[in-house]
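Chains as they are written, first to last, in my numbering: chain A, 1 to 1066; chain B, 10001 to 10464.
Just so you know, these hints were derived from the structure itself, not from any lab.
Any given hint could be a false lead.
[Said to hold, decoys possible] From chain B, some residues computed to sit far from chain A (all C-beta separations above 10 Å):
#1 Pro10249
#2 Arg10280
#3 Thr10405
#4 Thr10411
#5 Pro10456
[Stated by the list, open to error] Pulled from the structure, derived: some chain B residues nowhere near chain A, Cβ distances all over 12 Å:
#6 Glu10060
#7 Thr10210
#8 Gln10297
#9 Gly10363
#10 Gly10410
[To be verified] According to the in silico footprint, chain A covers these stretches of chain B (three or more CB under 8 Å from chain A):
#11 10014-10025
#12 10046-10052
#13 10141-10152
A virtual CB, placed ideally from N, CA and C, is assigned to each residue, including glycine.
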Amino acid sequence: MASDHERETHHDLPPEDPTLFAAGAGRARVDPADWAWAHRDTERAPVDVSTEHVVAIVVAHNGAAWLPAALASLRNLTVQPTYWFGVDTGSTDDTAALMRASGLFHEVHTAPADTSFADATRIAAQHVPGGPDPRHNWLWLLHDDITVAPDALAELLRHVVSDDQVDVTGPMLLQPTRGDDPPRISELGVTITDSGRVDRHLEPGEINQQQYTSQRVLGLNSCGLLVRRPAWEKLDGMAPEIPLFRDGVAFGWAANAAGYKVSTTPEALIVHRQAGTVGLRDAQLLEGSPAATDRYLGMLTVAGHRGRATSLTLILSSLLRALGFLLGKAPDLAADELRALRRFSRSGPQIAALRARYAGLDETRVKGLRPGRWSGLTHTLDAAGRGISDRWQHLVGAHDVDISVDELTGDDFAATTEPPRRRVWINPFTAVVLALIVLALVTARNVIGPGRLTGAMLLPSQPSLAAAYAAYLDPIVGGPGLSAPPWLAWIALGSTLTFGQTEWLISLVVLGCVPLSFLSAYLLGRRVLTRQPVRLAAAVAYALIPALIGAVNRGAIGVAVVAVVLPLLIRTLVSLVARVRAGVTGPDSWRAAWGAGALLTILTCFLPLLWVAAVLLAVLGCLLVREKALIQRAAVALGVPVVLLAPWWPSLLNGFSRIALGPDAGIGRPDAGAAVALLVGRSPGEGLPPLWLSIALAGLCWLAALAALALQPRGPLVLGAWFTAVVALVFAVGTSGLLATALPAGTRVRPEVLTWLLLAFGALVFAIAVAADSLGVPGRAASRRILSLAAAVVLLGGVVGATGWWVAHGTAPLTRTQSDALPPYVRNAMAAPAYTRTLAIDLTGEPARWELLDGAGNRLGDADRGLAFGGSASLPRDTANLVTRLLAGTADDTLAGDLTALQIGHLWVHGADIDQRARIQNTPGLGPGTAIEGDRVLWTVPGSTGRVVLRVGDQETPQPPQGHLDLPVATQSRQLVLHQPADPRLRVSFDGDVLPVRTAGAISTVEIPPGAGRLEYGISTPVRPWLIAGQLIGLVVVCVLAAPALRRQDQEPAPVGRRVAEGGRR
Amino acid sequence: MNRISPLTRYATVAIAVAVVGFLVVAALILPVQRPAAADRVSTEGQANLLCPALPTDRAESTVALAAPDAAVPGDLSARRISETQADPVPAGALVHRPGNESPVQVRADGARSAEFGAAVLARSRTALDRGLSVSRCLTPSTEAWFAGVYSSENARSEIELINPDSAQATVDLQFFGADGERAAPGGRGITVDAKSSRVVAVESLFTSDTPTSVHLTTSIGRVAAVVRQRTSDRTAATGTDWLAPATLPRTSQVIPAVPGGTGERELVVANPGERRTTARVEIITADGTVAPADADQLDVNARSTATIRLDAGLKEAAAAVRITTDQPVIASVRAVSADDVAFTAAADPLQGRAVAAIGTADGVAGTLQLSNTADTTAVVPVTAFDESGEVGRADVEVPAHGTATWSIPGTGSAVLVDAGQLTGLYGGVVLRSTNGPGLASTGLTVPAGASGASAPQHDPGVAR
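Modelling step: build the complete structure from the supplied sequences, incorporating the hints.
Next up, the structure:
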């Protein structure tokens, strides 16, 4: 950002400026003489360079725009070359004339337009004889788009004279800068990776502070290259196959491999405009865009030194880059990449020529000079780190640089020597973030540790990433019209990011809900609020809402996600409206719409009714604004969830009330409280603050929101927030009295209200913040000032009080479970090989409570998958009946059979007294009860052999829930018996022939033919994988459309060069 | 901002306040949908009762099977335990079958299992089984407790073990005497073959001048157990009756249906625990609950049995006895009349539709005795019916902490007590011969699972 700003104010270089190349050339113009004492100790012994015979070769092509500046600087050289040789490669402008007219050159040669730099230099080297001593004969290669420091040649020669091992050296190339700016280094020796990417060893925008000393490098830019003539002749000059851009590095590589010493001379300075790279040169050699040519030549350079395998790697990595650019919405970059690839694929002769040229070289000599295998990765990580750091600086406002009045008035003495950068790591925002993180940790003090987080609305997370994905992907047995809710897909995707640990994700979202909500609310605040204190206070107030309405305490993961995503959605919408208002068109103007669609998709997954509310608000907004562009974008944003979640809609509309329910609603209770309590943020359930605190905080919120309305009765944001709050409360109050039906079939629960409360109070806080932000500085009237101060103190007091309660009780009813209520052998029996179920009965309270468990027990999302009952409506009833009879002590002969029919392998009872224990024990067919730790008794049901069994005669062998079996020829009748809810999608085939399934209750039996063959069985959902693949592709497309376009990073100097160069042409 | 008139401000705020007010009113008046009362999960299944074998030698004996309400679906059938063929009992009927040497298994299916009764009666004027004995038929179980088992010179007891299942059962017996646990070699590992019964004579194990208590457990299978006790003086039998299992050890026990009239009334309390306890004794009579004079406390040592006489306190009243302790105990009462003996064990409260299949018999008058430990008066509908149908009905008013009696009409009738969801109601039937020696006391067949406790609830948080 900052550099953009700076670039805009660049202007042309005054070539005659003596301080141009000064290290740290400053904002204040200072006579170097005044500072001579500071450099005194660095003065070096004089070196005699007069013995060196230098032929300077200037190659120019269509450079009339910038050539005069170059020539002027060359004329000022303190040490002049022995011989000046100019080559004009068929320029169509008056380049040749300019060169001749300058009087600098001993000779100007004109070559055809397709002459490469390599050829041009070869021509020059052939034309000009050297001095008597070959060791002191040099060629100095120069481009036409340069400005040379007066002592550049002197420094180069001083280097080679004082170190006579050096055969090739080059200056430090600088970017063109405006006079006021410190000189930024453009190149000081380069190396090239295996994929052909150039590595310049420089930080972006690095300034020359004389921090570099001479060092060995793989290659140098051909501009300013000083080559000992014997080396040049030995290497036969530059490779004509690499006519430009990479010619220097290719030459350096060859020189190194041939045993010559290639080294930099950082004291020699040349400003290089890079006219060719920027595309200002109309050169035949370019064949398309300079970027494509550059890539092609990079690949060619590497291929020339390496075997055939490298070519494959190059092609592959090039394809990957192209794909990456495409995903990053940079089609032009991708096209360049593909163009380069196409050229490379047709460049067999060139590669062969290069390989022949480099055949005798010893490649081991360059080993230390080339980047390692993982340099690409470290480069990417560096870039990512820079990106994060930039984002953070943007977030904390480090670049909101205020310009002081003194600076504007232009007083020389007022100019600060340091840019007024805010401290990035010590500022109120960082302090609040850190404080909230620490407080969140303190709040979570009782639930930090091993085990899985559970709460009234939170089931323990899945034991593995595979299980997390399976929770979304697997069909719901017994529910042919049902599919797993897509919020499970987000959990699985999120768990992938948390290193496959679902528990980490859940703990982060639930326990970190407040800090995360704060961050996202602050992001919104940065967009719409101007005052930092208001932003911070409002974001903290918003972040506390999920805790204060009991969502965090109950482990309502849906509310936590909504709390984080909602401000981002609002922020995206604000930016959407802003773009429409600003009349932005083109693909970029649709970005916010796609982004809003993606965020709305997340919200819809966690509470589908939010989509309906969004439609309502969008319709109203569009009616008010009536702008076609806005309506189109709103339609996109609202349409994205409809399309992406399409596979879920049938299941959602199957039972209408699921639309009003959040994640795992089936574990809730149908308790109803007074609906009026919702207006102070209280809903039935645990984990709420004391009543007085709720009333005090909500009352404060309502009063302040009314005050905000009084302050801005026509403010669109305040009115919009109020309207949103009212709509949310209408949803909350209107649905709170209703009953919804959730899975497991027949479960009656109350619709989700917490999300509406979050939305309502969040909107009120937003209204208050907007009004507080717009308040001017309180006037001189003491009464107003006192009033404002009092209001601020009361509001802040509310926030502080709420924080206090949150820290004290913020996760009180949440617990961590080790899932070890059942003994390990029972858990093992449930997981494999028999996959039996366990009937758990808790008699510690009244009434008795029970649950049927299978697999790994009840896990996150299982309630939305019907728990152990799947989609079956009869299984919960049958099990309830069974429990009643067990507890009644009917000592019923049929009980054992019913337990076996459900494949209950174990009966686990907690808190049974002697009577209850005796009654259960009386059940015929039950094994003896074993007392286990903590007032629990466990019975085994010997008759339960497995959920899926292969029965041959009387022999039953358990099988996995789905899979295949290779069966031999049978002598007895055999069946596959599946104890699972009846499902028409059950498909059992034998050698490809589908077998008829006989279903009675929860038992399906299949007669297997006697022959040998393969038996395959399972729930068949042929369409679902395609639907999910479609969802994934759709999501990626939406994300790509919503993401900002990529910018090429490794061409940082380009725009500068272009502007300067263009300026020069004018 | 300056251009906004104060009127606009006031109007906007007023509208907002009105909207919030509207929300408050809506929240107050909007109806709240209530979930339908949880579907009453029926305990439909199957209930099995086992009736003890009857002495056929010189005795008159009957098995009575009652299926009171014809409208209740489900079958009731009876068969000898060793047989597979069952005789169905028609719904809405009371059936008397002649007694049998083999125990009888009664089976109720479906909804019938919540409303049926079965009992046995035996009487004899002479010989070993002199007197009147009545017992309800019993549920097989893996554990049973008996308080007051007499095995002395003047008393003999037999424990009848009935195994209804198709696998052998193994039974262990443990005895608690006045001085602690009594060693009884031979009391362990008693096998009972499948679908058969076995009688264990306690005297073969030990004799004791004081009553003992028995803890029965099965290590394999389950059995129904009942104790048949015969008393005699030096010359002749003085009475016979069955002792039904007492409720499992608890800190509060009620022994209902203690017969009124003259004669010895002995309370037997056994403490199977490791700590000594003192039982507080109360009697529940028509006049209320009182502590009997001189017998309001009974010390019971650990793992032992103690007795106390209640004759003085009861003053010949028909009553129930309640004991309260700080350690779980079991209890029963022995009642002796001029010509017979009766045993009444502590029982569970009545619930649902409880049936005494033998309320009266030819030459036997029956009294239903109901005791109420609750704080409010209970009005209990009771119906007497015989083979031809209903013979009488009444709403018996049982005062709080009091006992009420109802003379059962008819000869050979059964009685149905509709305890519904009442709590703290205990009851039993006291039978007396009108034409010979005879006193007996029995409990009712109480349907399993009809208790007032609410239906078990599905809760995904169990065993989380």
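Query raised in the report: Which hint numbers does the structure go against, in order from smallest to largest?
Result: 1 and 5
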